[in-house]
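Trainee: Below, each chain spelled out in residue letters.
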Amino acid sequence: MVQGPMEPSLRSQANTTEATIEVNVNVANFSTFERKKRTRTEKRIVELKATLEKTFEQSVMCNLYPRTVIQVDIHVLAQDGGLLAGMTNAMTLALIDAGIAMYDYVSSVSAGLHDQTPLLDLNSLEENDMSAITIGVVGKSEKLALLMLEDKMPLDQLESVLAIAIAGSHRIQDLMDTELRRQGNIRASKMTQS
Amino acid sequence: MISANERLFLIESLKNGIRQDSRKLDQLRETHIYISPEEYGYVEVSWGHTKVSVRVSAAIDKPFEDRPFEGIFSINCDISSMASQKFDNYKVGNDEVLIGRIIEKAIRRSNAVDLENLCIVAGSKVWKIQVDANFLNYDGGLIDVGSFAVMLALQHFKKPDISIEDDVVIVHDVDQRQPVPLSILHVPVCLTYSFFTPYTREQILKGDTEEIWAMDATMKEEEVRDGMLVITMNKNRELIQLSKNGGVPIDASLLVELGMKGMQEVDRLTDMMRDVLKKDEKERYERGNLKLLEVGAAR
Amino acid sequence: MSQRIIIPGDSLSIETEGIKTSIGPGIYKNPKSQKVIPSSAGILNVKVNKKNTNQVVYTDSNSKRYIPQANDFVIGIVVGVIGEQYKIQLQEYSTNVLLSMMAFPNATKKNRPNLKNGQAVYARVSQAIPEIDIEIECIDPVTGKDGGFGLLDESGYIFDVNLNFARELLFNPSNIFLETLASRCQFEIAIGINGKIWIKCGDGLKIDKDETKDEKEDDDEDTPRKVDTSNSYLKDLKATLAAARFLTRCQFIRPEELDNELTEAFRAN
Amino acid sequence: MSHQVETGVLSRSDGSAQLTIGSTKVITSVNGPTEPKARQELPNLASLEIVIRPAQGLPTTREKLLEDKLRSLLQTIIIRYKYPRQLIQIVVQFLSSEGKSNVFTNNELSAAINCAFYALIDANIALNYSFAAVSVSLNEGKYLKDPAWKQLSESDSHHVICFSIQDGKAEKLLLLESQGDFSEEEVFDTIAKSVAECEKVHQDQRKFIGEKIDRDFIWKA
Amino acid sequence: MNVSDVISITRPTPATIDSDVDMSDDESTQVKLSIVTPGEMVTDDPVWMKGHGTYFLEDKTYSSVAGNISRVNRLLSVIPLKGRYQPETGDHIIGRITEVGNKRWKVDIGCKQDAILMLGSVNLPGGVLRRKSESDELQMRNFLKEGDLLNAEVQTIFNNGIASLHTRSLKYGKLRNGIFLRVPSNLIVKSKNHSYDLPGNVSVILGINGYIWLSKTTNSSHNKNMTVNSNANKINASGDPSYVPGAGSVAITRLEEESSWEIYSDKNDPNITNSVRSNITRYNNVIKALAYGDLGITEQRIIMGYEASMAFSNVGSMIDKDAMESICQDVINNEKMRG
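Protein chains in written order, with the UniProt record's numbering: chain A, 1 to 194; chain B, 1 to 299; chain C, 1 to 269; chain D, 1 to 221; chain E, 1 to 339.
Each hint should be verified, as a subset may be incorrect.
Lysine to aspartate or glutamate pairs mimicking EDC-like chemistry, simulated, CA-CA at most 20 Å apart [said to hold, decoys possible]:
| no. | chain 1 | residue 1 | chain 2 | residue 2 |
| --- | --- | --- | --- | --- |
| 1 | C | K109 | C | E92 |
| 2 | D | K150 | B | D175 |
| 3 | B | K24 | B | E265 |
| 4 | B | K86 | C | E84 |
| 5 | D | K64 | B | D167 |
| 6 | D | K82 | C | D10 |
| 7 | A | K49 | B | D95 |
| 8 | D | K220 | C | E256 |
| 9 | C | K238 | B | D26 |
| 10 | D | K142 | D | D181 |
| 11 | B | K86 | D | E41 |
| 12 | B | K91 | D | D181 |
| 13 | B | K91 | A | E42 |
| 14 | D | K37 | B | D88 |
| 15 | B | K91 | D | E41 |
| 16 | D | K220 | C | D10 |
| 17 | B | K15 | B | E223 |
| 18 | B | K91 | D | E49 |
| 19 | E | K174 | E | E153 |
| 20 | D | K220 | C | E257 |
| 21 | D | K150 | B | E38 |
| 22 | E | K103 | C | E84 |
| 23 | C | K235 | B | D173 |
| 24 | D | K220 | C | E261 |
| 25 | D | K145 | D | D156 |
| 26 | C | K35 | D | E171 |
| 27 | C | K116 | A | D156 |
| 28 | B | K15 | C | E257 |
| 29 | B | K62 | B | D175 |
| 30 | D | K150 | B | D173 |
| 31 | D | K82 | C | D72 |
| 32 | B | K235 | A | D156 |
| 33 | C | K87 | D | E171 |
| 34 | D | K37 | C | D133 |
| 35 | E | K60 | B | E202 |
| 36 | A | K43 | B | D88 |
| 37 | B | K158 | D | E98 |
| 38 | D | K169 | C | D10 |
Bear in mind the hints are in silico, worked out from the structure with no lab data behind them.
Could you put the whole structure together from the sequences, leaning on the hints where they help?
Mentor: The following block contains the structure:
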């Protein structure tokens with residue numbers, strides 16, 4: 001799916017009161033079945049980039065890092081559905097790993113509707129076939145930081161799809177949390193061995 | 001940059017349900033529509049001070065190789081500094097891309113126009129429908145007004161009639177044969193909700209706060225807002241697009257509520273388009289009759 | 001003084017020989033030909049003093065974009081700091097002007113004003129040479145006191161009007177607009193010739209003073225302002241917005257419609 | 001064919017005007033003087049940013065050419081020394097234009113010039129003098145003002161003529177754009193005839209400006 | 001830091017759906033609790049003061065980073081597991097000049113903003129008591145220019161978070177005769193001394209910011225002949241062991257008139273023997289191996305690693321993953337044996 005961003009690097013300059021989050025999205029040509037040239041300026045990619053920047057401006061404690069730039073590079077190596085969701089989760093983890101202060105996790109997942117049945121985390125075949133919604137949830141709340149639906153979906157079904165998507169996001173967050181703790185413990189144990 | 005005074009006043013009054021222009025929170029601005037009496041597919045729409053002109057044009061072109069049975073449909077909505085100096089004439093800003101993308105997703109991606117209907121000769125000749133949206137004045141709500149105007153123009157547009165004789169496509173002049181309207185599969189309507197919050201982020205994320213929301217924000221409101229959500233729907237109670245690019249997180253139940261509420265506006269706006277078009281049709285017909293009468297009288 | 005409309009290309013048809021002529025807005029003296037010509041369309045004003053030795057020529061016209069002139073009273077918004085000076089925005093997209101931190105009453109190197117981005121000040125243009133940066137000051141150069149200049153606090157609302165209307169409000173003491181408004185409510189007003197007006201009816205937006213003090217100590221901008229939510233507060237808030245709406249509308253109506261407009265503006269809430 | 005003008009149509013611009021001549025409809029906005037970008041800034045005079053946008057499709061070389069013509073005209077008219085280190089931004093947006101091909105830009109050019117005049121006046125930008133333009137076609141020596149597209153395509157030659165106006169009289173020839181098949185004599189003849197036409201346009205301008213000023217000072221008893 | 005030092009304060013179990021399944025790792029629960037992640041409530045007891053790495057709403061304190069809880073008196077903070085170096089006064093660090101400015105240099109020290117080195121905070125040629133003149137301002141680039149490496153101490157932290165450095169001690173100043181590398185700053189353990197002489201005629205400076213300088217151990221006397229390297233090969237941050245700067249190039253000897261100019265010289269000692277060069281690179285790779293294994297870097301460990309690395313005759317082969325792992329393992333085993 002998505003290979004985590006290269007370590008976010010902070011650079012001096014820019015905004016005097018807050019950090020600026022700069023996201024670079026690079027979709028590899030070989031990430032989909034058909035090899036297609038994608039440029040950084042493609043509208044879809046600019047949109048994803050802007051979406052990620054705006055989402056994380058809210059959950060990163062930017063006010064702690066005045067005059068700095070948090071640069072995040074995302075390389076999409078392979079995609080099989082849930083592109084935005086994957087990028088969001090990867091970026092959350094990478095920011096935490098870099099020790100950047102955040103209010104909470106942003107966990108994201110895509111969900112679709114097949115007939116009347118809501119489905120979670122679609123692959124690209126499923127994505128092509130049915131309408132998919134991607135949501136980003138902050139922490140363990142039901143608050144949506146991010147929302148993207150590009151195909152038709154009956155309004156009355158929205159609630160049920162949202163419900164499963166939010167549950168899915170929470171589950172993703174747990175997974176991220178567990179992994180972080182595992183990594184942290186390994187590191188802590190090494191540090192304390194002296 | 002907006003002054004702290006204005007920011008504080010706007011948020012405080014929104015919190016109390018008061019808006020600068022004495023609208024209600026869920027009230028859209030007054031809509032003015034101008035439809036070109038001579039041409040097909042040219043409209044000017046303004047909501048409050050925001051003004052957009054849209055022109056639809058058609059030409060015959062070769063289809064894309066991977067889609068031989070489909071016509072070509074493109075929407076061009078560059079924003080010049082005429083709308084506001086916020087928009088650069090030479091560089092496409094992030095906001096601009098977002099506005100263009102959302103309108104495109106609402107209309108093109110949702111197949112509002114039946115592309116197969118635009119096919120003339122499979123693989124070699126199709127109609128190419130080009131929509132040019134020009135944003136003339138910016139006072140918030142470019143997405144809503146833009147998509148509204150584009151849909152209105154598309155419904156108004158008529159392409160010249162054609163006939164095929166021995167593989168040669170003959171385009172009949174509008175005066176000779178009745179032109180044909182586009183086949184519109186559904187009418188998407190974009191509604192933008194702006195969110196405001198006087199609270200700190202700690203309170204938003206961990207506390208029990210409620211978001212203040214307002215529809216169809218003006219420029220000043222857009223400047224102080226902390227997040228926005230675009231809901232695109234059509235009359236069939238279908239969601240076409242949801243787009244919330246970050247900003248202040250909103251409660252899932254609020255989203256559902258806004259969607260339900262928005263349906264009323266969608267119905268109202270769709271009906272408004274229908275009524276305006278009917279009126280135009282009628283006037284055109286009467287004018288046409290008058291002309292005929294005049295011709296008759298001259299004889 | 002007759003109402004004469006003049007447009008670029010017209011001759012001024014005034015005598016400039018033997019009489020000291022001062023040219024005002026809308027009149028331009030071509031440096032090459034030394035000819036005095038009107039450069040904008042407007043109402044021509046020629047004022048000659050009694051002895052016929054001095055005359056002032058200018059045109060009265062409307063515009064939206066403000067060009068700073070020395071001694072103008074303006075309202076600006078702090079948008080940044082460079083060294084010892086604030087960058088002040090007089091209008092959106094206009095070149096920012098500078099406000100020295102020393103240009104406040106009783107300011108010293110140690111005792112500087114502490115303005116934050118977004119705050120508004122009432123100031124006087126002290127230097128307006130278009131080729132170099134324009135400077136403003138919050139001090140009366142004669143008395144060294146504040147002279148009414150300084151920070152415009154956040155209890156008042158700020159809105160924009162056309163420049164000719166701002167001039168009328170500021171320079172014509174007998175204008176009827178403020179009087180009409182006064183018949184409806186009490187208000188405090190500051191008019192910037194750059195088309196910005198600061199107004200507050202009653203107490204405007206009340207901010208708990210203690211809270212603001214705390215905030216300064218914490219230096220935490222995110223601290224929410226506790227706002228008095230009593231009825232009178234809401235009334236003042238509504239009145240302020242209504243007053244702003246009324247004055248904005250005044251620009252587009254005939255004087256006889258004023259009263260009607262006033263009720264309209266206040267009724268809307 | 002008469003001109004229909006409206007100024008101050010756009011609230012966000014410092015000056016704006018919408019002009020309809022025949023089937024050509026154009027809207028122009030003027031912003032300025034404002035802060036230029038670093039690369040645009042000129043130390044002792046104002047820089048002009050002129051953008052022309054077509055009624056249909058994306059701007060092409062045709063619009064660039066028009067931009068260039070308009071710029072060379074306006075930079076002598078606007079008193080640029082009055083606004084050093086500032087930017088004046090002019091956007092001309094065609095809403096409808098009859099030309100279906102790239103061949104003729106006469107009506108567009110003349111409409112853009114006239115519309116720019118109103119917008120500049122609305123924005124209160126300092127001008128050396130007033131100016132007015134006409135679009136003319138000659139068909140077998142027949143002089144036709146504001147020709148429609150059909151007449152234009154049938155004509156032998158077509159011209160755009162812009163005069164400066166001083167005291168209501170056409171003074172200097174500011175711009176002459178001639179294309180087609182014509183003799184020297186015809187050109188001079190056309191110019192001479194256009195003097196009156198430009199003055200006629202100017203009378204409209206004057207009348208209109210008077211109305212505009214009345215409107216601007218409507219609140220003055 | 002010891003696990004048992006880390007207190008776990010009333011931490012309500014998060015209202016998760018079914019996360020317990022994943023939590024059942026083989027590690028003990030106690031260790032698990034020592035780490036908090038962003039958004040997690042740390043305590044709802046209002047007595048705690050909120051320190052770095054936390055935020056709060058009303059009485060509840062939440063973590064904003066993934067890390068360990070630390071409690072100093074009433075101050076509660078979360079120390080991130082990883083993160084940018086946070087300068088503190090007195091830190092011995094290594095930095096690189098990025099900009100020569102008005103009476104100051106800007107120095108990249110790996111924290112979020114470049115640090116500042118004031119002209120007044122350096123020793124200039126001509127003695128400590130020399131007055132700074134305008135000519136010094138003009139020839140700042142002769143002392144230190146962009147790309148130069150130096151070691152310094154953090155003098156103060158300005159209230160905007162920017163660190164100010166000084167080099168007013170003989171042990172600080174420009175770096176020569178060696179090689180630079182960087183490791184994550186959290187691997188460097190703060191101690192009294194940060195420069196060590198290692199076996200094999202090599203010295204190391206472990207900057208607290210994670211920047212490390214390995215060089216030939218120099219004699220204390222500075223009155224040696226200085227040389228000009230005609231190729232002016234400057235040692236840069238290349239970690240490539242095959243890169244041996246200035247080897248075999250023609251050197252012209254020149255006597256420096258003023259001895260203290262020497263401390264700002266760009267010229268490397270020409271008498272670095274090949275064995276020293278190879279030792280330096282060996283240390284370089286040892287430290288990299290330690291960093292790879294996420295081991296804290298101390299003098300002792302470097303020496304142990306150095307000894308362990310003797311198993312690899314070819315210095316270049318040490319960059320293999322296997323080799324790095326084996327070095328780490330050796331170091332850990334060695335430590336265990338010593339207890």
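Trainee: State for each hint whether it applies.
Mentor: Each hint tested on the structure:
In summary, the hint linking C/K109 to C/E92 is not supported, as the alpha carbons are separated by about 30 Å, beyond the 20 Å threshold. Distance restraint check for D/K150 and B/D175: the Cα-Cα separation of roughly 15 Å lies within the 20 Å cut-off, and the hinted pair is therefore satisfied. A distance of roughly 14 Å separates the Cα atoms of B/K24 and B/E265; the hinted pair therefore holds under the 20 Å criterion. About 29 Å separates the Cα atoms of B/K86 and C/E84, which puts this hinted pair outside 20 Å; it is violated.
Distance hint between D/K64 and B/D167 is unfulfilled; the C-alpha atoms sit about 39 Å from each other, more than 20 Å. Of the pairs offered as hints, the one joining D/K82 and C/D10 holds, with about 19 Å between alpha carbons and a cut-off of 20 Å not exceeded. Straight-line distance between C-alpha atoms of A/K49 and B/D95 comes to about 12 Å, which keeps the hinted pair within the 20 Å bound. Between D/K220 and C/E256 the CA atoms are separated by roughly 10 Å; this keeps the pair inside 20 Å, and the hint holds.
At most 20 Å may separate the alpha-carbon atoms for a hinted pair to count; C/K238 and B/D26 meet this at roughly 19 Å. At most 20 Å may separate the alpha-carbon atoms for a hinted pair to count; D/K142 and D/D181 meet this at roughly 13 Å. Proposed proximity of B/K86 and D/E41 is supported: the alpha carbons are some 18 Å apart, at most 20 Å. Simply put, B/K91 and D/D181 have alpha-carbon atoms about 41 Å apart, too far for the 20 Å limit, and the pair is violated.
Taking the CA atoms of B/K91 and A/E42, the gap is near 14 Å; set against the 20 Å cutoff, the hint holds. The straight-line distance between the Cα atoms of D/K37 and B/D88 is roughly 11 Å, inside the 20 Å bound, and the hint therefore holds. With a C-alpha separation of about 18 Å, the suggested pairing of B/K91 with D/E41 holds against the 20 Å cut-off. For the suggested pair D/K220 and C/D10, the alpha carbons sit about 25 Å apart, so the restraint of at most 20 Å is broken.
For the suggested pair B/K15 and B/E223, the alpha carbons sit about 16 Å apart, so the restraint of at most 20 Å is met. Under the criterion of a C-alpha separation no larger than 20 Å, the hint pairing B/K91 with D/E49 is consistent with the structure, at around 14 Å. Only pairs whose Cα atoms come within 20 Å are accepted, and E/K174 paired with E/E153 is accepted, the gap being roughly 12 Å. A hinted pair counts as satisfied when its Cα atoms are at most 20 Å apart, and D/K220 with C/E257 qualifies at roughly 12 Å.
The suggested pairing of D/K150 with B/E38 holds, with an alpha-carbon distance near 17 Å, which does not exceed 20 Å. Among the hinted pairs, E/K103 with C/E84 is consistent with the structure: their alpha-carbon atoms are about 18 Å apart, no more than 20 Å. A C-alpha spacing of about 63 Å is found between C/K235 and B/D173, which places the hinted pair above 20 Å, so the restraint is violated. About 16 Å separates the Cα atoms of D/K220 and C/E261, which keeps this hinted pair within 20 Å; it holds.
For the hint pairing D/K145 with D/D156, the CA-to-CA distance comes to about 14 Å; that is within 20 Å, so the pair holds. The straight-line distance between the Cα atoms of C/K35 and D/E171 is roughly 16 Å, inside the 20 Å bound, and the hint therefore holds. A threshold of 20 Å between alpha carbons decides the hint, and for C/K116 with A/D156 the separation of about 47 Å lies outside it, so the pair is violated. Distance check on the hinted pair: B/K15 and C/E257 sit about 32 Å apart at the alpha-carbon level, beyond 20 Å; violated.
Our distance criterion of 20 Å between C-alpha atoms is broken by B/K62 and B/D175, whose separation comes to about 26 Å. The suggested pairing of D/K150 with B/D173 holds, with an alpha-carbon distance near 15 Å, which does not exceed 20 Å. Distance hint between D/K82 and C/D72 is fulfilled; the C-alpha atoms sit about 18 Å from each other, no more than 20 Å. Only pairs whose Cα atoms come within 20 Å are accepted, and B/K235 paired with A/D156 is accepted, the gap being roughly 13 Å.
For the suggested pair C/K87 and D/E171, the alpha carbons sit about 45 Å apart, so the restraint of at most 20 Å is broken. Pair hint D/K37 plus C/D133 holds up; C-alpha atoms about 16 Å apart against a cutoff of 20 Å. About 10 Å separates the Cα atoms of E/K60 and B/E202, which keeps this hinted pair within 20 Å; it holds. Proximity of A/K43 to B/D88 is assessed by CA-CA distance (about 17 Å); at most 20 Å being required, the pair is judged to hold.
Proximity of B/K158 to D/E98 is assessed by CA-CA distance (about 17 Å); at most 20 Å being required, the pair is judged to hold. A threshold of 20 Å between alpha carbons decides the hint, and for D/K169 with C/D10 the separation of about 9 Å falls inside it, so the pair holds.
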